[in-house]
Amino acid sequence: MKPVHLALVLAIVCAVAGWQAAVIPESLMQMTVGPTLVPAVVVAGLSVLVLLYGLSALRGREVDESHAPDQSPLPGASTRLLSLLGGGLAFMLLVLPLGFVVPATLCGMGVARAFDAPLGLKSALICGAIASLFWYVFAQVLGVGLGPALPWLF
Amino acid sequence: MSSLDALLAGFGNALQPATLMWGFVGCFVGTLVGVLPGIGPALTIALLLPLTYHVPATSMFVMFAGIYYGAAYGGSTTSILIKTPGEASSMMTALEGNKMARRGRAGQALATAAIGSFVAGTIGTLALTFFAPMVVEAALAFGPAEYFSLMVLSLVAVSAVLGNSMLRGLLALGLGLLLGLVGVDLQTGQARFTFGNAQLLDGIEVTVAAVGLFAVGEALYLAWQGRESKGSEVMKLSGSLWMSRQDWARSWKAWFRGAFYGFPIGAMPAGGAELPTLLSYYTEKKLSKHPEEFGHGAIEGVAGPEAANNAAAAGVLMPLLTLGIPTSATAAIMLSAFEGYGIQTGPQLFSAQGSLVWTLIASLYIGNVILLVLNLPLVGLWVKLLKIPPPWLYAGIIVISTAGVYGAGNSVFNVGLLFVFGLIGYAMRRFDFPVAPLIVGLILAPMAEQSMRQALTISMGDWSTFITRPLSASLLGISALLLVVPVLWRRWKSQRG
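Protein chains in written order, with the numbering used here: chain A, 1 to 154; chain B, 1001 to 1497.
Calculated from the structure, these hints are not laboratory results.
Quick caveat, the model's predicted, so the values are computed rather than measured.
Be careful, since some hints might not be right.
DSBU-like mimics (lysine-lysine), calculated; alpha carbons at most 30 angstroms apart, straight line [what the hints assert, rightly or not]:
id: 1; chain 1: B; residue 1: Lys1253; chain 2: B; residue 2: Lys1285
id: 2; chain 1: B; residue 1: Lys1493; chain 2: B; residue 2: Lys1286
id: 3; chain 1: A; residue 1: Lys122; chain 2: B; residue 2: Lys1387
id: 4; chain 1: B; residue 1: Lys1384; chain 2: A; residue 2: Lys122
id: 5; chain 1: B; residue 1: Lys1493; chain 2: B; residue 2: Lys1285
id: 6; chain 1: B; residue 1: Lys1286; chain 2: B; residue 2: Lys1253
Over the 10 angstroms line for every Cβ pair with chain B, so calculated as not near, a few chain A residues [to be verified]:
id: 7; residue: Leu8
id: 8; residue: Ala15
id: 9; residue: Leu98
id: 10; residue: Val102
From the three backbone atoms N, C-alpha and C, an ideal C-beta is built for every residue, glycine too.
Could you put the whole structure together from the sequences, leaning on the hints where they help?
Okay, here's the thing in structure tokens:
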């Protein structure tokens, strides 16, 4: 991905935001500033800035850390990103049926894999311990609602 | 009741065993957070926001203040021992402190950082004690128009002054404002930018955005780079922790100078801590009798910037408490915490919640003492923590982030938003967009809109109210200057050379 691509993504965001701003119903209440003015101004301003950013990116003036000598990614960057995001997805899909600990363990394993720790028993045990500890501290000690640790036990 | 009486009453509350315990916890967690790379005070406070349902307000804010100051202390340890500043404001400490460590003087570097932080933190807190009531008096003259203009100034300053590019800063701000408008309009009840999704009617939680941008975004960026698992060299802590007489002689003036840079700049919108630490470093270099040591481990190069960093932390609390304006991402999260308790920050805070505010200020003094006592003896523990392998460190960070966000509302949708913000944070890091404007925009957008609408209601729809009221006009004028002057300055410089 390059700055130009980012500018395109931002332009799409502005287009969607513009559409959403246009469908905000006007209020029947009498007021100088209704619910649509500020969103419209923000979207318009953002669109101008995105255009300027796009032009600057086309001229090659925008920063991309992948080209910086000590910041460029080592091979396998996409795999590492997907591994981390995969951990998050596993949590989202499994937390309701399986409780907190197992999905959080899988999430942790995905993150650890993104930092080059191999998937295996060691990773599962360490991430399981982390997940269990946080469930205990948050849910039991602090009373934060994380749901059951494991659905068939607690 | 004079400020001194109120402060003494605050000490009475802050020294209660339960409150003191929370302060201690905050200082410990804050130092831990400051030591560990990848977590900062903003993220930590955001993760602990769910506790606001279970812990009394006074104890919570005492803990948050401890975390806030503690992180500034802890960041110096990482900077000195592994040359990895936790935040931009610790850069100069990383530069000089790590060089001192390489010459076998890590102990002295840590000592001057800790003592300087204590001195400057105390000076900053004293300044907060005596100037805050004056600012409150002045702020009572503020109406909705002035508040709107002040928020515009804060938003412009955070975007235009911080970071390497005004364009990218303003873009980040624009995105933050857009995200801040998601949800139901408070005055009319109309849903905005919700795509018909009921989960977005209450808007985007600041916690989700902050944790996503800082924790998940940082982890994604570092995972993308792939260099973290190669490990960083942690300097050995050998030799004495004690400073020599010469070290003291070279440090004490730098501490005071750093404090006098840090507090006023930290108190300004977008002042932050980066600018005072840089100013302090260059001042010490100019004034030092040993300028040749700078870049190779000059103790003043650690003493001054660390003091400036900590004094700026106190300075940031000034506009937050007196005006209700957050001037940094951490302050923005703390504002959310106040709102969680239904407490309105601003001039009324000192009269409506005087006991809480003065207890908080008193606990800052106590926190400084706790931190000085904690940091030096426990430095061996902090060094051990730095050796946690990155896969398990970041696994822990992401799991605790996910737990915090999920626990706040039992919402899988919010966890999804967390990772979306993580992707945004990664992109911002990769393409050099500053994050602070997005967070501040997210929080201030609805507040600024409310103030604007109130001002127009009072003026019967007359837009000139923002310009005809002198204070409001001055604030808008400064905002315009902040936008225009840097551009003109760069053009003039490029024409000259």
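* To do: Quick one: which hint numbers does this structure break? Sort them smallest to largest.
  => none
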